[in-house]
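Q: What follows is each chain in one-letter form.
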Amino acid sequence: MNNFVDVNDADNIEALIEHALLLKKSPYDFENLGKRKTIGLIFMNPSLRTRLSTQKAAINLGMNVMMMNFSGEGWALETEQGVIMNGDKPEHIKEAAAVVGSYCDIVAIRTFAGLKDKDDDYNELILRQFIRYCGKPIINMESATVHPLQSLTDLITIKENKEAKNPKILLTWAPHPKVLPQAVANSFAQWTLAAGYDLTIACPKGYELSTDFAKGAKVVHKPEEGYMDADFVYAKNWSSFVHYGKKLSEDKSWMVDAEKMKLTNNAKFMHCLPVRRNVVVEDSVIDSVNSLVIQQASNRVWAAQAVLSKLLENL
Amino acid sequence: MNNFVDVNDADNIEALIEHALLLKKSPYDFENLGKRKTIGLIFMNPSLRTRLSTQKAAINLGMNVMMMNFSGEGWALETEQGVIMNGDKPEHIKEAAAVVGSYCDIVAIRTFAGLKDKDDDYNELILRQFIRYCGKPIINMESATVHPLQSLTDLITIKENKEAKNPKILLTWAPHPKVLPQAVANSFAQWTLAAGYDLTIACPKGYELSTDFAKGAKVVHKPEEGYMDADFVYAKNWSSFVHYGKKLSEDKSWMVDAEKMKLTNNAKFMHCLPVRRNVVVEDSVIDSVNSLVIQQASNRVWAAQAVLSKLLENL
Amino acid sequence: MNNFVDVNDADNIEALIEHALLLKKSPYDFENLGKRKTIGLIFMNPSLRTRLSTQKAAINLGMNVMMMNFSGEGWALETEQGVIMNGDKPEHIKEAAAVVGSYCDIVAIRTFAGLKDKDDDYNELILRQFIRYCGKPIINMESATVHPLQSLTDLITIKENKEAKNPKILLTWAPHPKVLPQAVANSFAQWTLAAGYDLTIACPKGYELSTDFAKGAKVVHKPEEGYMDADFVYAKNWSSFVHYGKKLSEDKSWMVDAEKMKLTNNAKFMHCLPVRRNVVVEDSVIDSVNSLVIQQASNRVWAAQAVLSKLLENL
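Residue numbers (the numbering used here), protein chains in the order written: chain A, 1 to 315; chain B, 316 to 630; chain C, 631 to 945.
FYI, nobody ran anything at the bench for these hints, they're computed from the structure. Fair warning: there could be bad hints in the mix.
[As the list claims (entries may be wrong)] Some chain B residues close to chain A (C-beta under 7 angstroms, calculated; not the full set):
1) Pro405
2) Pro519
3) Glu523
[As the list claims (entries may be wrong)] To list a few chain C residues with every Cβ distance to chain A over 12 angstroms, as calculated:
4) Glu648
5) Glu661
6) Arg666
7) Asn690
8) Ile714
9) Leu755
10) Ser840
11) Glu855
12) Gly875
13) Glu880
14) Ala888
15) Asn895
16) Arg907
17) Val923
18) Ala927
None of these values were measured; they are calculated from a predicted model. Backbone N, C-alpha and C define an ideal beta-carbon position, used for all residues, glycine too.
Isolated chain A (complex conformation) (with noise of 0.2 angstroms):
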């Protein structure tokens, strides 16, 4: 593996949820990998888990962690290409990637869509020219269209928690106060396609998410609609693809709620988090004995820890 930005980065997925795995049983087994190795954590975006677990994998690996947010510590970077920097950008991309890539011998990024111009995000006008400029190995660390080790930690979640050979996956959309990126859905719908798990997407019209990442998977327009005999229930909010990040929905019946989650075969239910309680999902759902949200989250740690392992072997 050279790069991990998004799910062709992953040769073989199957065995690097299965080494996630074995580091999940024994953290320590390659803490002697990352030696002399430095990381640098790039964050354009808050973070929580992302940082914290990527942090954490990389210490147990035995790497250097260098932490950057590029909003407070640092300052905006000039992402086009010609421009007259007379505005309020200081610095352009291809200067602060190509400096930060002399410093580490790994580079991961968050940076997320703006959610203005359906080219500029669905080209990854900045993951892309990070990565030309910055000369070293990158981590998605969530990016405008796709959020990979959210998707691997998924896959792992579902792989310890699935009981039947080919479970049946909801991906519903929920209503959310603010206007999100499409991200983590592109990606989960991406990696569970990949994986080869029967995929059902659930969005008011208009929600659809691009065929690029979501071919393959079924999709319906009633909320009530994909539940029917699920396994896992994946909730998350998105503005549109079509209608470019515009929010078109605030309907309340598309909450996941314990009504709709009898309708399941005892389906787990599925978040990335940070989640909206009583608007993305009910108090019910996330605090019962199937809500997998803790479990998902601290897979991070092992997902990040499989990814940088590959990478360091690679250096």
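Once you have looked at the hints, place chains B and C on chain A.
A: Just chains B and C, lined up with the frame of chain A:
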């Protein structure tokens, strides 16, 4: 020791002080105790001494340190139960605490009083929830009502400087431009009384501390009254407990000055810092040879290291 | 070396450069030198290169690193003596410096010019107080008037790239949308002159640097004038020293462009970064094979590591 949340977690205050003083002499005697152990330092409020001294203490014990600022790097946490989370708080403390706990072996948290709802603050609403959901040993790095790491430091410093077996200690209220919590004052009263010292608290009427913390202290209401024969003068501002969170006085005669210090038994001056010079205390007092403020601050490392080593022994 | 505050702390510039180049070849030759030693990195202003490169240098020497942002994580510091602190600054630099010093073996600090009071800035009011009260060796990570780690890096980079024994160096002022300190320019002049190089400074009238730093340099006032036969062109904006902190020119003809670079002896282009593209320097120049900006930035690690190793040897 399973948590270090308040004075009740210290089975034996004297032994803890002795252990801290031992570590001060030999900082690296237990430098492998924290190997492969990670402490998370969680800040919901700004910090200088607590941040650096706790980090240093953990390093001295061989621990890994992960820091998280919940403002800036993260986000505001919801602390109410059953609420519909459609406002400006994207995550509930239930999830945040459990997730942080899953990444760490010990979690230290700073969460100040809101000073709006006395019951919320004095029930330690946030800290108690964090303990409940985190699932790991918790260190209180100043909560709504107490600051036990500071008080342990204060007792260490008194031990190093006292001449009499049972010195006379004055805790005096002092003016301040801002409205501050009672935590440091509560905690200082509680720990000095638990240690069996002779404590007088001087404050304007209406600034009496809760008897939960200050029972057993003599209380006086004139600025000069408590200074007579004092061996230690500990200055601190706090807002009213009775008229909760209110500022009742800006009376400058409560500032600690050279004049009043002359009434003492050549008393040492103490303050937890940061301190407003020439508001809380006159330059001539804090800059005198009797000032212990830097020694107090530097002892924060040994207090934290003593507590951490006790928690690590019990993991 | 007991401090690294300005050029006078470098007993032997040539030897320091050689030591840095040795460390560049063998970064881990002294990886136990910093064992059980802690450096505090104190930022009163934002930083990217300085933050990461100094951290990396300390890690390479086996040191522990503690970071503190005094805006955000901490608070603003009072720097006036004898003031009544009832405003928005909750702590005096006297206490803050002493406390940080008590937790660290070496302290590195960044504190920019205020550009309001020339005397305060040129007396290094904040840095000098920090040194005075901190009690530990200090590294200047850019102060009001100088940026010695940058200048040492610049000399390392010139050493790596010069062909003539005594190359001709041009330091040229360039336009900028903001009002910037003179620190990088002062320091570059001071160090190149101390190293015995032939330095020309080109700037609009009114932008002459203080002779304390630039004495011995040739000064010219037309954009093209200094380029003739130059081996190195170092671009930088600064505000006026004479009309202190003022912006006197936005003349775009001072931008470094391909046309003016043609006048040189195939000169290398240098800048400390961050740089405003197409304001300070044209894309075609900074993107050319003659641009050294990334090499400069990456050499920051070796400059810092050379300085740190000298300070550690003296502890």
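Q: It remains to establish, for every hint, whether it holds in the given structure.
A: These are the hints, each one checked on the structure:
Interface hint at B/Pro405: satisfied, since its Cβ lies 5 angstroms from the closest Cβ of chain A, which is below the 7 angstroms cut-off. Because the beta carbon of B/Pro519 sits about 39 angstroms from the nearest beta carbon in chain A, more than 7 angstroms, this interface hint is broken. A hinted interface residue such as B/Glu523 counts as satisfied when its beta carbon comes closer than 7 angstroms to some beta carbon of chain A; here the least separation is about 39 angstroms, so the hint is violated. For C/Glu648, the requirement that its beta carbon stay farther than 12 angstroms from each beta carbon of chain A is met, with the minimum near 21 angstroms.
Not every C-beta of chain A lies more than 12 angstroms from that of C/Glu661, the closest at about 8 angstroms, which undercuts listing it as non-interface. Distance check on C/Arg666: its Cβ is at least 17 angstroms (rounded) from any Cβ of chain A, clearing the 12 angstroms threshold; non-interface status holds. Look at C/Asn690: its CB is around 8 angstroms from the nearest CB on chain A, not clear of 12 angstroms, so calling it non-interface is violated. With a least beta-carbon separation of about 31 angstroms from chain A, C/Ile714 lies farther than 12 angstroms from that chain, consistent with its non-interface assignment.
Distance to chain A confirms C/Leu755 as a non-interface residue, since its nearest Cβ pair spans about 24 angstroms, more than 12 angstroms. Here C/Ser840 stays apart from chain A, with its beta-carbon at least about 25 angstroms from theirs, past the 12 angstroms limit. The beta carbon of C/Glu855 sits about 25 angstroms from the closest Cβ of chain A, which is more than 12 angstroms, so the claim that it is off the interface holds. The non-interface label for C/Gly875 is consistent with chain A: the shortest C-beta to C-beta separation is roughly 18 angstroms, beyond 12 angstroms.
Against chain A, the non-interface label of C/Glu880 is violated: not every CB pair exceeds 12 angstroms, the least being about 9 angstroms. Against the 12 angstroms criterion, C/Ala888 stays outside the reach of chain A, whose nearest CB is about 14 angstroms from its own CB. At the 12 angstroms boundary, the C-beta of C/Asn895 stays outside the reach of chain A, the nearest C-beta of that chain being 25 angstroms off. Some Cβ of chain A comes within 12 angstroms of the Cβ of C/Arg907; the nearest lies about 5 angstroms off, and the non-interface call is violated.
A beta-carbon of chain A comes within 12 angstroms of the beta-carbon of C/Val923; the shortest separation is about 7 angstroms. A cut-off of 12 angstroms between C-beta atoms contradicts the statement that C/Ala927 is not in contact with chain A; the least separation is 4 angstroms.
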